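Q: Letter by letter, the chains look like this.
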Amino acid sequence: MKQINREERLREKVKSRYKEEVRQEIKSLRERPDYFPELDYFLDLLSEGPESSIISARVGRPVAALLCLQAPLELFHACGVHPFKIFGGSQAASRLSAPSLPALMCPMLRSALGMLQLDSALDGDGGGFAAWVLPTTCDWVVKFMEMMANCGQENQRPVHRLELPHLKDRDESQERWLEEIYGLRKFLGDLTGRKKPDRKTLARSMAIYQKAWHVFTELTDLKRTGRLAALWYVVISNSFFFDDVQKWISALESVVPKLKGRPQGPGREVYLAGSPIFFPNLKMMHLLENAGLKVVMDDLCSSERLFPGAVYFDDPSDHGLMKALAQRYHQGCLCPTFADNDRRINNIIAPSHKSSFKGVVFQVLKGCHPFDLESLTLERRLKDEGLKFIKLETDYTSEDSQNLLTRLEAYRGALEV
Amino acid sequence: MTVTKLRLTVQHLGFLIFTYGGYLRISLGAYLPCLSCPFVYSCTGYCYLMIFQRSLGLLLLPLSAALGGPRPGDQVLENALNLFSGLAAFVVLVIVLGKSWCGWLCPFGLLQDWISRLRQAFGLRESEMLLKHKLKLSWIKYAVLIYLVIVPLTVSLGWLSTEFILAFCNICPAKAIMPLFVGDTQYLAVDVSSTAAAVFSILLLAITAGMLVGMFFKERFFCLFCPMMALINLLKPFYLLKVVKEPTACHGCGNCRRTCSMDNETIYRERIKRNVYDADCMGCFKCAEACAADQSLAVKFGPFKIFSSSRHYAARLFAKVSHEAN
Amino acid sequence: MKYRIGLDLGSTAIKVVLVKGQAIEWSRKVPTAPGQEHLAMGLVKDALDQFGLSDRDIDKVSATGYGKKLVSSAGHTVDEISANAQGMFALSEGRCRTIINIGGQDLKVINLADNGKISDFRMNDKCAAGTGRFFEQVARILDTPLESFGEMSLKADDALELNSTCVVFAESEIVSLLAKGVKKENIIKGLHYSIARRITHLLGRQTTDGDIYLDGGPSQNPGLLDALEDELLMEVKVLPQPQFTVAFGAAIS
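Heads up: the protein sequence lines correspond to chains A, B and C, in order.
Residue 1664 in the working numbering sits at position 230 of the first sequence; the count goes up by one each step and never skips.
Residue 75 in the working numbering sits at position 74 of the second sequence; the count goes up by one each step and never skips.
Residue 830 in the working numbering sits at position 218 of the third sequence; the count goes up by one each step and never skips.
Because the hints were derived from the structure by calculation, they are not lab data.
Fair warning: this is a prediction, and the values are worked out from it, not measured in the lab.
Don't take each hint at face value.
Claimed, not checked - Here are a few chain C residues that face chain A, going by a calculated C-beta distance under 7 Å: (1) 694; (2) 735; (3) 737.
To be verified - The calculated lysine to aspartate or glutamate pairs, modelled on EDC-like cross-linking and capped at a C-alpha distance of 16 Å, are: (4) 729/C / 1850/A; (5) 1788/A / 247/B; (6) 1825/A / 732/C; (7) 1792/A / 732/C; (8) 1825/A / 737/C; (9) 1817/A / 732/C; (10) 1788/A / 295/B; (11) 849/C / 838/C; (12) 738/C / 1827/A; (13) 1800/A / 1827/A; (14) 1800/A / 737/C.
As the list claims (entries may be wrong) - Reference excerpt, derived from the structure (chain A facing chain C, CB under 10 Å, subset only): (15) 1725; (16) 1843; (17) 1844; (18) 1850.
The beta carbon of each residue, even a glycine, is placed where N, CA and C say it ideally should be.
For reference, chain A alone in the conformation it holds in the complex (with noise of 0.2 Å):
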C-alpha cells in the first residue's frame, strides 16, 4: 500500500515538473522579440501536452501511436485513423521511466516512456491510443513495447510492426516493404471495422499530405532565409501530430505571410544534423542562438524531414498509390539506422554550394548510437569537403550547457575565420 502510494506521489511530482518545463519553455518562447499572435495556435498544442485523450478527444478519430515516420501517414488518414508521433523531450519526464530502463539509454525514448507513465488515460479503457504502429528503425524502437512493459505499463492494444527493410536500394527490400505496407493498411481497417479506402480516398488524403508539405516548404524557405527562427521552425514542427492535419496545414497558412518581408535573422549559418529535437528540449537550440549560431537548415527528423516530401506517382490504380507511399517512405528517408544511407551526405553537401552556410553543428543524443556512427563518416567527408564540423554529444540535463556554450563560441569564431 505505501509502495502504490510512493510512485502515485513520484508520478505527481514529476507531472508538476514537467508542467513547470513546459510553462518556463513557452513563456521563454512568448517573450521572445520575434513571437506574434499567429504562433499561439502551435504554442498552446504544445502546451497543452500528449496525453492520448486529449489528442483522441482532439481530433476525433481514433488515434495510433506510432514510432518513427516510415509508415505513410497518408495511409493513416485514409483508413480514419489519426497517427500521433510518439516523442519525449521532457528531462522531469525521465525520472519516472529511467529506474526501469537500461543507463546508456536514448535519452529521448526514456523521456518517451516517462511522458507515458504520466499518460493517465493509457491505464483504463477510458482513452488513450487505439493502437501501436512501430516500424523496427532502431533497437530502442525494436523493443519500444518490451521496455514500455518494464516500466509498468502493460498495453491492453493491438500493437503493429512493420518489419523495416535497412536496405533502400534493393528490389526485394522494396518489394518486401510493400506487403508490409499492405499489412499495415490491413491492421488499420481491422481497427476501425471500415472497408479498405477505395483509391479516390487514398489519392484525396496523399493530396493532403501533400498540401502540408507544400506549406511546410515555404516555412522551411522563410527559415532557410533566416526570416525565422530556427527555434519556432522546431515548435511548428513538432506540433504537427497534435491536430487533424487541415486545421494544422490552415493554421500554418496563416503563420507563412506574416514572415515574408521580415528582416533577416542575426547569426553566422550552421546547418544542424543529427539526432531529432523535441519540446520541452529546445537546449541545444537555445545554446545555438546565444553563441549566435543560425541554423538554416537541418535533417532531423523532428524538423526538416518531418514530411518525405514529393509523393510522386504515375500509375494512380489502388497498388500504384500505395508503391508510391511505400517506396517514398522508405527509399527517401535518411535515417541513419538504414546501412545504405550515403545519400544522406548529399542533403548537406549539395545545399552547402549555394546556401550561405560553411559549417555544420552534428548533435548526437547520448544512447543514439545510428547518429553517432554516421557522425563519424559525415565528419570525415564533410572535412574533405571543406565544411567546418562540430560534434556535440549531450542529454537533456543542462549541467552540460556551459560546456557546450564554449564549444559552439569557439566554433562561431572558427567559421568567421
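Starting from the known structure of chain A, arrange chains B and C on it as the hints suggest.
A: The following block gives chains B and C in isolation, referenced to the frame of chain A:
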C-alpha cells in the same frame, strides 16, 4: 505551366499537325524521327523509316547489276542517293531533340499514352516489368531494326520481290491504327492481292491486336519494340537535348524511377556519373519534374540548362495536383 | 603605450595578466571562489598599484573563461578556446599548430592554421576525467601536494597501468593500490600515462604538422609532459607561464 502540361500540349499539337496538316498543305519532309505514319493520307511529314527502307531497297541495285541483274535507271540511283541526303536530315533532327521525339512528338507515342489513360480511368494497375525481364527484352528493338535493314537490302539484290521493301511498315501497328484517325480503315482488311500481301496484312492485324493489349497494361509497351528508337539510339552521344544528373544532390527518393514510363533505373541508381540518358529513355523529362532534390536532375540543351529539379517546383506541382484532387 | 588587462575566470583558478604590446608585464592567479568579480578586480587593483597605473592607462579589459560574464567592468569577452588560440599563437611566435590545454574541468585540443586561426578543435564532454580536477582529487587521495607530482613520477621505477581516469572510480582503485603497498611514485606515473592516453584519444586521427604546445595549470608537471610525449610519439613544448596563455590571449584579442 508544368513540364507535363507543356508536354501534353506539344504532344497534341504534334499529333494534330502530323496527322491532319496535309489538309493545310503543310509539308515537313520524309525524314521525321517519329512514327508519323505515311499511310495516313493527310499526314504532314513521313516517318523516316519508310524512306529508309525504300532507299535500302535500292541501295545494292548497282551491285546486283554487276552480278548480272537488270541495270538500274538514273531515277533509281537518285533514290539511292536519297538514303544519304535523307539520313543527313534525319541525323540533324535527332541531334537537336534527341529521344524527345519519342516523348514529346511521336503521334503513336501519344496514342499509347491515351491508352494508358484509359487503363488509369478504370483504376487498373500497370503491370510491372522486373528489370531483369526488361533487360532481356531490350535487344528486341535492335533485332527489329536489323530485320528492317536486311529485308530491303535483300530486295535490292533482287532476291526478294519488291513487295518486301517496306518490311517493317507492313507489320507496324501504326499503319493499322493511325489511318483510322482520318477514317481510313483499309489497312484493317486482309489484302488478298498476293500471298505476301495477305501474309503481311494478317501479321499486321495480329501484331496490332497484341500491341493494343500490351499497351493497355504497360505504358509505352510498343516502344520496347520500336526500331525508330533503336535507330535514334545510335546517335546517343550527339544529342543536344538531354537529361543529366548531379549524383551528389540526389537523396535517392525514387520518384524518378517510379515515374518513368520506360522503367529506367539508371537515373535512380547512378551515384557517380552525370550522364544518365538511358538507352530506353524517351526524353519526356517526367523524372526531372518529379525530382524534389534541388538541382539533382536537369534538362540541358547543349550547354544550357533549361530546367532544373527543385523542391519549390515539386511542391508547387503537388499543390496543384492536390487542388485538383479535392 | 597603453596597457591591456586579460582576465581568465576558470573553474579552478582566476588568472589575471597585465599586457603591454605583446608582452606579459605582470601575472597572478588565485583559486576560484564565490565572488569572482571581486577576486578578479582585486588582482587588477594589485597590478595597477604595483605599476603605479590608473584606470586611464588601461586600454581594454577582456574576460574569458566560464566566469567571463560575471565581470561587469570587462569591456570585451571572448570564449576560452579562441583566447587560448590567440594567446598561444602569439607567445609561441607563430610556431604553434596544436594546443593541448588541460583546464580545471576540461581538456581541449585546438588545431591552428598557419595564420593562427582555429582550424579545428575538440573538447571533452561533461566528464572531468583527466582534467585539473582529477589531479586535485588524486593529490587528496595520495595526501601528496600537487606540485611534487612531476618530481615524484620521475623517480618511479615501474609504469603502472591505471584503469580509470574517472574522478570517482580512480579513488577506489588508488586506495586499493596503496593498500597493496604500491609506491606512490609509481601510481603517479601511471596516472600521468592514463591522462596522456586520454589526450591522445581526444586528438583522434588528426595528424599534426608543426609544433605541439601544452598549456593550462598541470602543464608545468614534467612527469605528465614525459608521459604525453611518450604516448603522442611527438615532442610537446611548454611555455614559461603556461597557465596564463588564455588570459593573455583574451588581453590581445
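Q: List in ascending order the numbers of the hints, as given earlier, that are violated by the structure.
A: Of the numbered hints given earlier, the structure breaks none, since each of them holds.
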